[in-house]
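Listed here are the chains, written in short residue letters.
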Amino acid sequence: MMQAIYDRLKDRFQLGALDVRSRKGLAFVDLRREFLRPVLTELRDVEGFTHLILLTAVDWIEDERFQLTYLLNNRQKNLDLGLRLRLDRNLAIGETIHDLWPTAATYQRELREMFGIAFPGSPRVDEEFILEGWTDMPPYRRDFDTLAYSQQTHADREGRETSDPREFMKQILYPKD
Amino acid sequence: MSFKDVLSPFTAWKHVLETPVTIKDPLTREAADRYRGFHKNDIELCIGCSSCEAICQNAAIDMVPVKDPKEGDSGLRPQIDYGRCCWCALCVDICMTGSLTMSNEYIWFDEDPDAFRFIPGVDAKSWDSSEKGYRREGGRRLSGTERVEMREMEPDLRIGNFDEIVAGYDRAEAVLEADRCVECGLCVATCPAHMDIPDYIKTIREGDYEHGLELLYNSNPFSEVCGRVCTHNCETACAARHEGDPIAIRWLKRHITDQVPYDRYVDIVGKPDLAKTGQKIAIIGAGPGGLTAAFDLARMGHAVTVYEEKEKPGGMMRYGIPEYRLPYESLDRDIGVIEAMGVKIKCGVRIGKDISMEKLKADNDAVVLAIGLHLGRSTRVPGSESPDVEKAVELLRRITAGEEVPVPKKVVVIGGGNVAMDIARSMARLQKQRHGEVGITVTALESFDHFLADEEEVVESREEGIEILDSRGPQEVITVKSGKNKGKVKGLRTWRVDSIFDEKGRFNPHYDEGDEMVHDGEMVIEAIGQVSDVSLLGEKLTEALEWNRGRVKIDHDGRTSEPWLWAAGDCVKGPDVINAVADGHRVAQSINQVLVAMREAKA
Amino acid sequence: MSIDWPRIGYAALTLFIVINYGMIMTALVRKIGARVSGRYGIRIYQNYIDLVKNIALRSKITHGVMYYLGPVFRLTGGVGLLLFVPTIYGSAMWSNFSFAGDLVLALYFVFFGTLGMALGAAESGHPYSAIGITRGLSQVTVAELPLALAVFAISLQYQTLNITDIVAAQQGGIFNWTLFTNPVATLAALFAFVGTMMRSPFDVVIAPQEIPIGPPTEYHSSYLALMQTNRVLFPIAKTVIYMNLFFGGATNWFEFAIKVFAIYMISVLVGVVHPRFRVEQSITFFLKWGLPVGVLAILLV
Amino acid sequence: MKHMDPNFRKDTKTEFPQREELKPRKVTTPDGQVIDIEPLQDYFCQEPPKVHQKSYFKIVEDFYNWCRAESLWILAFGTGCGAIEMRPLMTPRFDAYRYGIQWRATPRQANLLMISGYLSVKTLKRAIRTYEQMQGPKYVVGLGSCTINGGMYWDSYNTIKKLEEYLPVDLYIAGCMPRPEALLAGFMELKKKIKAGNAEGANKYAEKFDWYKANQKAVIKDWDMPDYNW
Amino acid sequence: MFSFQPDRSQYPAPGPDGKLEIDLETGQYLKLWQGPNHPGMTGNMSVELTVCGDEVVEGKTHVGYLHRGFEKLMERRSFIQCFPIVCRICVPEPDFNEYCYAAAVENLAGIEVPEYANWMRTLILEMGRFNSYMMAIGGMSGALGLGVVGQWLTYVRDIMLDRFEELTGARIYHMFILPGGVRGHLPEGFKDRMEEVLKTAERYLADVDKVMFSNAVYKRRTKGVGYIDPKLFEPYGVTGPNARAGGVAKDVRKDAPYLVYDQLDFEVPTETASDIWARTNVRRRDIDVSIDLIRQILKKFPKGGEVMAEIPNVLHWKIPRGETYIKGESSRGEYGYYLVTDGSGYPRRVNVRGPSYTHAMALLELLIPGTNISDVAALMVSLHTYPPEIER
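Heads up: the sequence lines are chains A, B, C, D and E, in that order. The numbering of the first sequence is my numbering, which starts it at 1 and goes up by one. The numbering of the second sequence is my numbering, which starts it at 1 and goes up by one. The numbering of the third sequence is my numbering, which starts it at 1 and goes up by one. The numbering of the fourth sequence is my numbering, which starts it at 1 and goes up by one. The numbering of the fifth sequence is my numbering, which starts it at 1 and goes up by one.
Everything labelled a hint here was simulated from the structure, so no lab data went into it. Some hints here could point you the wrong way.
Partner residues aside, some chain A positions facing chain B, computed with beta carbon under 8 Å [said to hold, decoys possible]:
1. R23
2. D164
3. P165
4. F168
5. M169
6. L173
Which residues of chain E face chain D? A partial, calculated answer using Cβ under 8 Å [as the list claims (entries may be wrong)]:
7. L66
8. K191
9. I291
All values derive from a computational prediction rather than experimental measurement. Backbone N, C-alpha and C fix where the C-beta goes; we use that ideal spot for every residue, glycine too.
For reference, chain A alone in the conformation it holds in the complex (with noise of 0.2 Å):
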């Protein structure tokens, strides 16, 4: 049934390769960017994908890329279908999608703080969300360590000292190795 969808849109819409390797009813297509909300439309009004299951972003950073995935559902044929969207990493602007699905907006504010995207347009995009009086690099980006952030902000409780076997023995029995 994927399939069918895969090829009626494939040509037209210069989609990637038809990924269903994770399970059944679940499919992943690369999506080019100035496709996407002729597809997203597409498959909701046509194709019966009315349900956006969620939107969250992937950070490639060795590839220099966000990947954001539009995760959609079509609920009468029970199917699910990720668009995978490549963004540049250093100029991280998204296209909103607020218009087709309001819910987007909420999605969107997240990536904004989380990730650092820019969604131009959503609605409240720039207001705090989660964070509060957040200064620092967006925190869900891979470039940000969550516990060297935590060890330079909040210190541990003293007194903590662990050993490791392997040396520790080697003290033991071969002081002098």
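Knowing the structure of chain A, use the given hints to seat chains B, C, D and E on it.
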């Protein structure tokens, strides 16, 4: 909205007469049997492997030293910080020995936030005796318990020849086996050479064999050899041993050497691009100890010459270990790498005869004595002076050298160590070739509970048709008293051993004389230990040196009482390849320090 | 005017008895409510501890004079209500300051506390207090309408504005009670009673889930202690009025205790098992059900 | 567990800008008057908390303490997971009411603040405000690992690790989450402490006010309230 | 006869974008913060209300009070180390996180879970759903001041927690469903004890029906209040009981059966009114379904079997590169985990799609304007949102 809707809510009032469901005394209420409460640790069982620390995603566990650690553990015990713990019990699930458990106690309060830390089993707590609480069901599930079977040649195929028995792991098997490692590192300290075992096992999982080989050569130039015949002390310390088989560390090491093409070895091991120091070192004996020292010293830029009495280098590895366990070509490959580092090996040169010790001393900045243990010991029981009574090391040497050895149909071996197994199995092969059948009896002093030889050796020997008897003390080699064959051996008389050591721990066997056995055989082989041939030292040096129970006395670094002379390997530490390798490293390190100091003094 | 010292003494004693009775009784009522939930509930003396605890608080803050006077007014309302109605009928000692027109004064005191509270809570500046006050005032006003009508009806019935006289008229057997002589007026009054006892379904004024917790949001320590005292005193004073007007009054302390408890329980019976109305729903409710019954009561008389 | 990036440095330079609506400004009223508005100070108290002396008579103080202990009013503020075990506590199964423990919806009337688990920085600010709104003597109980040493969120960028740096804590109860029974046991301990006159958290807070404020401001960048803000 | 419909004519007209011009300085409006320490909130979150009289003209939800950064924390935990942490994402119904996470990992690692574990998982999920509904209905009655129902249902939830404790070893965070299977077998005599709990629950629920669901005041408070137009369900991502109350009989358990739901017999209850009453009623009827399911599961429970599949040594478990989305029907709607792996020992990215996320943010903000301030708490509770799963 009906009238009923107005009235029906009032039915709730019927509850006013019921007894409240409140728990009368909630403070003493016991949690469920499976409840995950505070931790307990069976301190006797725990080996301090730190798997619990590794799996704890809250960094709640510290490994802290405890007083009086028992033998074979790391001396560390987990300390739990209840300012971190989330009671997920992953630590219990991963625990390699099953020592860490949970009680079903759950009440702990304090006004001091630093108080919520304790070492289960060491710091006494009210729940230590609690019987209930979380236990993992069944065996360990979070890391495998069973060793991947090593494929071996079938007994009937292998018995007639000296081909190598084990096949080695293929990639899939090795990865599966390597996957079981929990990277605790107990093995590292147990290994005399402190090989980075968890690290090289990790390279197998990651498929980075070249790095693995590099790690092997960092601490052991005889990786091919050790991958086959190492006594693997590491496996006796392996954390996985407690609730399953230990990791097959030796086979994994071999797997790495198998996977890397030999022509890449020297590149990977790397020839350090050091300026030559011009300092010279002579090493006597091309066994594992001597060659390891040579390898290290050559890599430090010294000129090293190794003098070997026999035709080929390798020492006991070549002349003591039969080929079906250690093919000569493996040994040759290891030695080849060592030679590629610039080590000169002169074979067929006997010190004391061809070159004198004095000359060596004069020509070199340092001399290493690594002569091994090449003379067999005798039981000195009546009849043991008979010509048909052979010594195992001697016989093994002759087999390797290709000399003709007598192969009677029935052979009795005295001894229960690995050398006994080696000679028994070698003789069995010769018997098979010569007579088509095996007739070997091994009589060991020790009982099977305290057997000296490796278990797999025993198993394989039995598979090959060798009879092994435990707790037999040799009393007399029975010879033919008269007739044509007078003086020929016809068997061995043994008594059952009650105890080997007396209460002071000295060797003093007690026998049950009522349980006497006679083992038929036309040849008796003594495999009860070896000694060094120290005659090459010469009288003067022998007197100058300090001795310790027949062996040259050395300090921790392998230095003898003579400042120019170091000693390493079997001749000072007893027979063991990996110990000899460790010795070699130590000696090399020590020599280098001295030489550097000499250089600096000169400059 | 000469000061009647013994009378003042007895009034103080009445106050003391009623407050202690209220402390115990409200705790008992809470325990009964807790039983419905299936638990034991607070200890019977818990109210005393809470009171002392609040008085013992070390720090207090004030938002101005009215903030302080709010609870005072409220308590005055309760005390006044109690002291101007005869607590025990036929006893000169326990009739306190009952006089010829006490019924009107009593009705006034019913409102007085709420008004005082309104002033005080408004001063505290908390928006929830303000919302609670507006709700409270509008709801109490509407809820008291049926009472006013019922009182009007029975004052017509008994031709007096003196509570003592009304009680006197009800003596001589249970069927002389207004409850039986004028059930419609009683019913109208009970609407008001349930509506002003600050229990479900008419407690949106202090609803913790909606406006935590309405007027008293900002009150604490001694202020709260005053309000707590009032909270045990005021409902009982109000119950005493109902007892006197509709249930034949009490001729001794024992009868007093039983009757007050029984009447008080009416609101509890309803309250425990109902959710609360929104404020405009309460108003609608009283206008729809309470008011017609009150009017009917007058018409019937 | 992944290793920490040793090169990561937290941004310490960027200051969080003050919100526009909180800045002082001039406003013209409908009748033409121009007034100054200082939002931060208009609604709040500026005076730091004071150390309050105990009663002069020991017997009175002891009696008061007994009453305080037997009448613990908990603020209904579930700061974290632990809030879920509060409901069983106050309902039929465990019925904490019988021990003199009750709920209060407003901080003014409550005297026990339960920090029920982890505190995100955002909640910490509210918890501080709430604590300051409470009237002394007041007590703080920290529930679970998170309040003791960060618990399972020890490496989170958004949760605090040591509660006592921000609020004076009287008692910690271990668990994740502590069961209602453990909470009750903790309350019994707290009662003992109060009866013994040792629960002087409010005074401690007043004494070390500057230290607490410095700690609080070190993690809360968006400090849109005056230092003392009942 | 007497109805108090708010007269909207006195408020300013909405601007061209449909928004009200709100100028607080006119004194016509009052800004109120409901939460975070407010008993009417379903947890630690807040709603910023602008009220005019008793009517709310604008509501903004504020979340983030419970943000711990799970999705970030999981990126530095190995696959097994994520397992204890995921359940904390949703406190009252933690098991869904455990299941979805475990299923996502198994999906990408290609692990087949033993039959026994699947039954066990279904049992735990249904027990969790039961508990979650107990909280929801108890909370609903509490939000309207009917404390006694909340008390009973918390008691019922408590005795169910005892069963949880007996089965899994913990009360709240069970940490029983781990990648590869579950941690143990059913204890001896569990079925009988569970039956006792279910019987008690049914007794109390019968009382709840009388006291709450056929209560005149309760009906007045909830019927017709908080109406959600079914047309909004898809644009706003409304799922679960909230959608079923509007006649959309969608339930992942039925539509895309996971675990052993295809072997169980049940109907999905629906209502049509789509108001607070209908939503609560759907939940009430779903409890009966859950009870029935628990009985069915225990009846068909396999006698024995493996609880865990063979999994690699968890200390260095690596999962090949891939991405997946696993969903299930929680008590609040579709719950899903989006897991991306990159071939290393750590998840590349985990995104938790909690139903509360859509319900409590965009939808609530849409519903609040025009409601009475007294109804805000009831409205929130009726959406059955759990803040920790919004911000994670």
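Hints, verified against the model:
1. Using the Cβ-Cβ criterion of 8 Å, the hint placing A/R23 at the interface with chain B is not satisfied: the shortest such distance is roughly 24 Å.
2. At a threshold of 8 Å, the smallest CB-CB gap from A/D164 to chain B is about 7 Å, leaving the interface hint in force.
3. The criterion of a C-beta within 8 Å of any C-beta in chain B is met by A/P165, whose closest approach is roughly 4 Å, and the hint holds.
4. The restraint placing A/F168 at the interface with chain B holds, with a minimum CB-CB distance near 6 Å, inside the 8 Å limit.
5. The interface hint given for A/M169 is met, as the beta carbon of that residue sits about 3 Å from the closest beta carbon of chain B, less than 8 Å.
6. A cut of 8 Å between beta carbons decides the hint on A/L173: the least distance to chain B is about 5 Å, and the hint holds.
7. Because the beta carbon of E/L66 sits about 6 Å from the nearest beta carbon in chain D, less than 8 Å, this interface hint is met.
8. Taking 8 Å as the C-beta cut-off, the interface hint given for E/K191 is violated, the closest approach to chain D being about 23 Å.
9. Hint on E/I291 is violated. Least Cβ distance to chain D is approximately 20 Å, over the 8 Å limit.
The structure fails to meet hints 1, 8 and 9 from the earlier list, while all remaining hints are met.
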